[in-house]
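Q: Each chain, written out:
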Amino acid sequence: MKLKALTAVLLISAAPVLAGGPDDDTLVINEEIEMITKTAAPAHLDGALGDQVISGWHYRTDETQSLELDDFENPSMIFVDQAIDAFDVAEGAAGKSCADCHNDPESFAGLTATMPKVDGTGTLVVMEDLINTCRTERMEAEPWKWSGDDMQAMVALIGLQSRGMPVDVKFDGAAAPYWEQGKEMYYTRYGQLELSCANCHEDNNGNYIRADHLSQGQTNGFPTYRLKQAKLISKHNRFRGCIRDTRAETFAEGSDEFRALELYVATRGNGLSVETPAVRQ
Amino acid sequence: MRLTTIAMACAVLAAGGAIAEIANPGDVQYDDYGAVADSLSGTPGDAANGAKIMTSRGAGNCIACHEVTALKNAPFHGEVGPILDGVASRWNEAELRGIVANAKKTYDGTVMPAFYKTSGYIRPGNAFTGKAATEPLPPLLTAQEIEDVVAFLMTLKDE
Numbered sequence: 001m002k003l004k005a006l007t008a009v010l011l012i013s014a015a016p017v018l019a020g021g022p023d024d025d026t027l028v029i030n031e032e033i034e035m036i037t038k039t040a041a042p043a044h045l046d047g048a049l050g051d052q053v054i055s056g057w058h059y060r061t062d063e064t065q066s067l068e069l070d071d072f073e074n075p076s077m078i079f080v081d082q083a084i085d086a087f088d089v090a091e092g093a094a095g096k097s098c099a100d101c102h103n104d105p106e107s108f109a110g111l112t113a114t115m116p117k118v119d120g121t122g123t124l125v126v127m128e129d130l131i132n133t134c135r136t137e138r139m140e141a142e143p144w145k146w147s148g149d150d151m152q153a154m155v156a157l158i159g160l161q162s163r164g165m166p167v168d169v170k171f172d173g174a175a176a177p178y179w180e181q182g183k184e185m186y187y188t189r190y191g192q193l194e195l196s197c198a199n200c201h202e203d204n205n206g207n208y209i210r211a212d213h214l215s216q217g218q219t220n221g222f223p224t225y226r227l228k229q230a231k232l233i234s235k236h237n238r239f240r241g242c243i244r245d246t247r248a249e250t251f252a253e254g255s256d257e258f259r260a261l262e263l264y265v266a267t268r269g270n271g272l273s274v275e276t277p278a279v280r281q
Numbered sequence: 001m002r003l004t005t006i007a008m009a010c011a012v013l014a015a016g017g018a019i020a021e022i023a024n025p026g027d028v029q030y031d032d033y034g035a036v037a038d039s040l041s042g043t044p045g046d047a048a049n050g051a052k053i054m055t056s057r058g059a060g061n062c063i064a065c066h067e068v069t070a071l072k073n074a075p076f077h078g079e080v081g082p083i084l085d086g087v088a089s090r091w092n093e094a095e096l097r098g099i100v101a102n103a104k105k106t107y108d109g110t111v112m113p114a115f116y117k118t119s120g121y122i123r124p125g126n127a128f129t130g131k132a133a134t135e136p137l138p139p140l141l142t143a144q145e146i147e148d149v150v151a152f153l154m155t156l157k158d159e
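Line order of the protein sequences matches chains A and R.
No gaps in the numbering here: position 180 of the first sequence is 180 in this note's numbering, and each next residue is one more.
No gaps in the numbering here: position 69 of the second sequence is 69 in this note's numbering, and each next residue is one more.
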């Protein structure tokens, strides 16, 4: 184990400072969790991302990358700790805490790897929906705001239980119509700059756009701690920012459109390890 | 379309070029290859100002996508588009004007935004606020700013 960590460090410091492309470093967290950060592209992508899907981690600077190697360095963990505390706190008219029904956060192992998904009633649900349903219906408490610190901390805590597991989000069956809707959005050239998600993250990943090194726009690390904002960022907040940057009217966080987009983008990363909570610039 | 051109020609004839006519974004005449022969503003471009527009985030921000050696004093040049060094040896003035005004007329489906276009967008927004805006939008650059950028691009010749 020690040896592996050493290799990782060596690889990182030896990586050439070159413009363009993902790097060849390897991500081993806490000297023991070997992360799949590059893997064969899922067949349903039909070669849209070439032969590999790649975590956004590979496009970040060595400095930013190193913050993910050890949980003591990872600034997300402050928020995860807050969620661990919140898990046991009874709130709402029913006088219940998460722990009253779910024992331990570890009971959620594997869940994030399969989210979003279509529930028994045919509705597409994402993690924030599951959490708020528990809050409003079972705890009889106020729902949390989509991108609020308490919500995203809980999404991160639940995601952490799947860390290292391969993303395996369903795109067929009941998910198919949502997947098609998300795909349609992914290739739509929104706004006055007329840019689609694909224009930046498919056609140009590996290229710099001004000072930003474009990745494949994968969501396997979400919520991610963004150094620029010094907090956990939700997927829908990231989508909103990317669409706003095309000088477009965005969609709302928690909108059905963003749920569908979230499903579609998640399936583009099938096979990558859940990296939650990741660190980005 | 015709009208603007004629008006411009008259103005030029009558006043010896003193009155400049601004072409409406919707009236710009692109030829089959996307080139625009006539000046959009009727006033010669200022290359020095064009260089400023190209590097400024709030204006053209061209270096977000293009590297330009002559503009290396401004930080962070992108890699999405080709390096623009020597571009005036590859294209003439009319072609460069067409590429800056609406590159989609030269390159079908290009990611390069159209800088002199005001409608035909999907979910157009009010600048970078994320809020809706109603078309016609102000173009990304004014007619004169485009002439300034074209004047600067015309200085980028191979030795």
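Be aware that one or more of the hints could be misleading.
[What the hints assert, rightly or not] Sample of chain A residues with no beta-carbon within 12 Å of chain R, all distances over it, derived:
#1 Q229
#2 I233
#3 F251
[What the hints assert, rightly or not] The calculated DSSO-like cross-link candidates involving lysine-lysine, where the alpha carbons are at most 27 Å apart (straight line), are:
#4 R/K131 x R/K72
#5 A/K145 x R/K131
#6 R/K52 x R/K104
#7 R/K131 x A/K231
#8 R/K104 x A/K228
#9 R/K105 x A/K228
Hints in this document: simulated from the structure, not taken from any laboratory.
Glycine included, C-beta positions come from ideal geometry on N, C-alpha and C.
Q: Hint check: R/K104 vs A/K228, CA-CA at most 27 Å. Holds or violated?
A: violated (34 Å)
Q: Beyond 12 Å from every chain R Cβ: check whether that's true for A/Q229.
A: It holds; A/Q229 is separated from chain R by about 16 Å at its closest Cβ, greater than 12 Å.
Q: For the pair supplied as a hint, R/K131 and A/K231, confirm whether the alpha-carbon distance does not exceed 27 Å.
A: OK: R/K131 and A/K231 at ~24 Å, within 27 Å.
Q: Is the straight-line distance between the alpha-carbon of R/K52 and that of R/K104 27 Å or less?
A: Holds, at about 24 Å.
Q: Would the hint linking R/K131 and R/K72 be met if the CA-CA limit is 27 Å?
A: Violated: R/K131 and R/K72 sit about 34 Å apart, past 27 Å.
Q: Are the Cα positions of A/K145 and R/K131 separated by 27 Å at most?
A: Holds - the C-alpha atoms of R/K131 and A/K145 are around 20 Å apart, at most 27 Å.
Q: Does the structure keep R/K105 and A/K228 at a Cα separation of 27 Å or less?
A: violated (38 Å)
Q: Does the claim that A/I233 lies outside the interface with chain R hold up, using a Cβ gap greater than 12 Å?
A: holds (15 Å)
Q: Just want to verify: A/F251 was marked as not at the interface with chain R; is every Cβ pair farther apart than 12 Å?
A: Label violated. Min Cβ-Cβ 9 Å, cutoff 12 Å.
Of the numbered hints stated above, those contradicted by the structure are hints 3, 4, 8, 9, listed in ascending order.
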